[in-house]
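Number of protein chains: 2
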Amino acid sequence: MESEAFKQVFLKYQTLINDRLSKIADSRQPQNLYQPIEYVLNSGGKRIRPILLMLSCKALDGDVDASLDAAVAVELLHNFTLVHDDMMDQDDTRRGMPTVHKKWGSDIALLTGDGLVSLAYQSLLRTRSKRIHEISKIFTDGIIELCEGQALDYDFEKRQDVQLDDYLLMIGKKTARLLHICATIGAIIGNGSDSQVQALGNFGNNLGCAFQIQDDLLDITSKQEILGKTHGSDIIRKKQTYLVVYGLTHADVATKHRLLDILENSNNHSARITEIRDMFQHIGSIDAANAAIENYITSARANLDDLPSTPGKGHLLDLLDYVATRQA
Amino acid sequence: MESEAFKQVFLKYQTLINDRLSKIADSRQPQNLYQPIEYVLNSGGKRIRPILLMLSCKALDGDVDASLDAAVAVELLHNFTLVHDDMMDQDDTRRGMPTVHKKWGSDIALLTGDGLVSLAYQSLLRTRSKRIHEISKIFTDGIIELCEGQALDYDFEKRQDVQLDDYLLMIGKKTARLLHICATIGAIIGNGSDSQVQALGNFGNNLGCAFQIQDDLLDITSKQEILGKTHGSDIIRKKQTYLVVYGLTHADVATKHRLLDILENSNNHSARITEIRDMFQHIGSIDAANAAIENYITSARANLDDLPSTPGKGHLLDLLDYVATRQA
Numbered sequence: 001m002e003s004e005a006f007k008q009v010f011l012k013y014q015t016l017i018n019d020r021l022s023k024i025a026d027s028r029q030p031q032n033l034y035q036p037i038e039y040v041l042n043s044g045g046k047r048i049r050p051i052l053l054m055l056s057c058k059a060l061d062g063d064v065d066a067s068l069d070a071a072v073a074v075e076l077l078h079n080f081t082l083v084h085d086d087m088m089d090q091d092d093t094r095r096g097m098p099t100v101h102k103k104w105g106s107d108i109a110l111l112t113g114d115g116l117v118s119l120a121y122q123s124l125l126r127t128r129s130k131r132i133h134e135i136s137k138i139f140t141d142g143i144i145e146l147c148e149g150q151a152l153d154y155d156f157e158k159r160q161d162v163q164l165d166d167y168l169l170m171i172g173k174k175t176a177r178l179l180h181i182c183a184t185i186g187a188i189i190g191n192g193s194d195s196q197v198q199a200l201g202n203f204g205n206n207l208g209c210a211f212q213i214q215d216d217l218l219d220i221t222s223k224q225e226i227l228g229k230t231h232g233s234d235i236i237r238k239k240q241t242y243l244v245v246y247g248l249t250h251a252d253v254a255t256k257h258r259l260l261d262i263l264e265n266s267n268n269h270s271a272r273i274t275e276i277r278d279m280f281q282h283i284g285s286i287d288a289a290n291a292a293i294e295n296y297i298t299s300a301r302a303n304l305d306d307l308p309s310t311p312g313k314g315h316l317l318d319l320l321d322y323v324a325t326r327q328a
Numbered sequence: 001m002e003s004e005a006f007k008q009v010f011l012k013y014q015t016l017i018n019d020r021l022s023k024i025a026d027s028r029q030p031q032n033l034y035q036p037i038e039y040v041l042n043s044g045g046k047r048i049r050p051i052l053l054m055l056s057c058k059a060l061d062g063d064v065d066a067s068l069d070a071a072v073a074v075e076l077l078h079n080f081t082l083v084h085d086d087m088m089d090q091d092d093t094r095r096g097m098p099t100v101h102k103k104w105g106s107d108i109a110l111l112t113g114d115g116l117v118s119l120a121y122q123s124l125l126r127t128r129s130k131r132i133h134e135i136s137k138i139f140t141d142g143i144i145e146l147c148e149g150q151a152l153d154y155d156f157e158k159r160q161d162v163q164l165d166d167y168l169l170m171i172g173k174k175t176a177r178l179l180h181i182c183a184t185i186g187a188i189i190g191n192g193s194d195s196q197v198q199a200l201g202n203f204g205n206n207l208g209c210a211f212q213i214q215d216d217l218l219d220i221t222s223k224q225e226i227l228g229k230t231h232g233s234d235i236i237r238k239k240q241t242y243l244v245v246y247g248l249t250h251a252d253v254a255t256k257h258r259l260l261d262i263l264e265n266s267n268n269h270s271a272r273i274t275e276i277r278d279m280f281q282h283i284g285s286i287d288a289a290n291a292a293i294e295n296y297i298t299s300a301r302a303n304l305d306d307l308p309s310t311p312g313k314g315h316l317l318d319l320l321d322y323v324a325t326r327q328a
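Top line first, the protein sequences correspond to chains E and W.
Quick note on numbering: the working numbering labels position 39 of the first sequence as 39, and the sequence is numbered without any gaps.
Quick note on numbering: the working numbering labels position 205 of the second sequence as 205, and the sequence is numbered without any gaps.
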């Protein structure tokens, strides 16, 4: 259970970030570009990535105000990936609202994503830090890995031989890397030593892996009205989630074939989601996913061991709990 | 007619850039991302933008080697725009070869473009310059304008009331801005004074406007086998080119209606391209376009007046001739 102080800081940072995001498109033209950008940025989201960045800065008693531009940048970058990934995944809703390509078409969604990534750099480059060049490189290398992770994810949809190592490589690039970047950049802005920057980066990475496996779980165990996006969309899209990969690599031959058969034919049959969930339960995928999440959380906690005891460090530990227990 | 020395320098720079581009995807994984990136980067192209950057550096007797990373970056950025623009324009061929979305589908083309823009930053950030932060900002602001220009271009396809000022705003962002960036960054790396950086930036901008109007002309006057892309594709896609905008704003009412009628019904009827070309000739669009190109070329030449006489400056003037007289 997170502390009251954490909840206040979380809300305070969330408000700071939302205020900045809500002004990004202000008085910019043309409308057909900035209206969908504004729509995306005002459609909610927990802002976990920018908050992780700011808390990593705060954990080192750094100047949190100086981290806001970079925090806004990682959230813009995250939203770029959402818009383009939703196109590739053909998802109709996001956060309970129509996706950009559903509302404006794929041409505008393409441009919206491109605009968001350049606006992300614009915000990042406003950061007042002597190490801005290093920060820009970390940010850029991260985007390349995001693209690689997305390409792997896409490739895996057509494969049935994906191993857990392949899956972990993919989520390391597609999800965990961005949280690694957030914590690393926050630590650099907070004037952390090399070992502190590395420890916080590792914390972000472990948090990211836990977060993604949790996401895979929630896709099939959460209630749709809480999730805000199409329920079971990973299954419908034939994603190689932790549950699927574990299931296919651990089930006996008969169960594996039954699972493959259901997965292959689960297009839009949301009734089959329950059947698939029961099957994952039976094979042990759900227990294994929960154990993996717990492992990553434990590692993430250990990454902070050598950091000085600051309120910021306490908040990072609370953020771990928040992510581990989230319902959507 | 360009000088022999220019041709040699052009070829030398082109080779340097092509060598670097051909290695960008080397031993990178996954294949489904880097294979199309390699395909795009090895499919030719005149490399005018990076050559402009390097020549702008050379014109100030700067260290041209130090400008190569930035030169590669602007070419990567240009190729990002080509891949995504081809998706929006539904163009099937580019430089005589199938476009990425035609060959691999729109999902992979989307990712290819995203990968290219991040690889562009990676190359840019390798630049050894004390002003790398400023260079990064110029590059980023430029990408935002490219997106805005593309959004305007897209919007104009649905409009019939576009004026020449609107058109000029659009090409200023969509085309000329990137050439402005090239010349500006080259001048900064070449340690130019503020006024020299500005003069070269203006040169790039004027060159870019001439280049785009030339492009509009070539779409309808060039031979398809030279052009390497679908002939008359601007007309088929209902683009507001210089010729169209001039035609619709200068024709008498009857001619305007006939032109609109032909443009509206010119889908894939390449036979009508000849009819449209004759009509542009009759209205005066082609003469006006040639005059506009000449004006921009004259302004670009004047932008260089105050620069010291260096071989690099001479090459920039040759580059102007090269662009003004190109056939594809």
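Be careful, since some hints might not be right.
Stated by the list, open to error - For lysine-lysine, the following PhoX-like pairs were computed, each having C-alpha atoms within a straight-line distance of at most 25 Å:
1) K103(W) - K238(E)
2) K256(W) - K158(W)
3) K102(E) - K158(W)
4) K46(E) - K158(E)
5) K46(E) - K239(E)
6) K130(E) - K130(W)
7) K137(W) - K23(E)
8) K102(E) - K102(W)
9) K238(E) - K313(E)
10) K102(W) - K256(W)
11) K158(W) - K239(W)
12) K137(E) - K103(W)
Because the hints were derived from the structure by calculation, they are not lab data.
Against the structure, the hints come out as follows:
1. Our distance criterion of 25 Å between C-alpha atoms is met by K103(W) and K238(E), whose separation comes to about 23 Å.
2. Among the hinted pairs, K256(W) with K158(W) is consistent with the structure: their alpha-carbon atoms are about 17 Å apart, no more than 25 Å.
3. At most 25 Å may separate the alpha-carbon atoms for a hinted pair to count; K102(E) and K158(W) meet this at roughly 19 Å.
4. With a CA separation close to 31 Å, the supplied pair K46(E) and K158(E) exceeds the 25 Å bound.
5. Between K46(E) and K239(E) the alpha-carbon distance is near 24 Å, which keeps this suggested pair within the 25 Å criterion.
6. Note on K130(E) and K130(W): the hinted pairing holds, with a Cα-Cα distance of about 12 Å set against a maximum of 25 Å.
7. Annotation: proposed proximity of K137(W) to K23(E) holds, straight-line Cα distance about 20 Å (limit 25 Å).
8. A threshold of 25 Å between alpha carbons decides the hint, and for K102(E) with K102(W) the separation of about 22 Å falls inside it, so the pair holds.
9. Distance restraint check for K238(E) and K313(E): the Cα-Cα separation of roughly 39 Å exceeds the 25 Å cut-off, and the hinted pair is therefore not satisfied.
10. Taking the CA atoms of K102(W) and K256(W), the gap is near 35 Å; set against the 25 Å cutoff, the hint is violated.
11. About 9 Å separates the Cα atoms of K158(W) and K239(W), which keeps this hinted pair within 25 Å; it holds.
12. In summary, the hint linking K137(E) to K103(W) is not supported, as the alpha carbons are separated by about 32 Å, beyond the 25 Å threshold.
Hints 4, 9, 10, 12, counting from the list given before, are not met by this structure.
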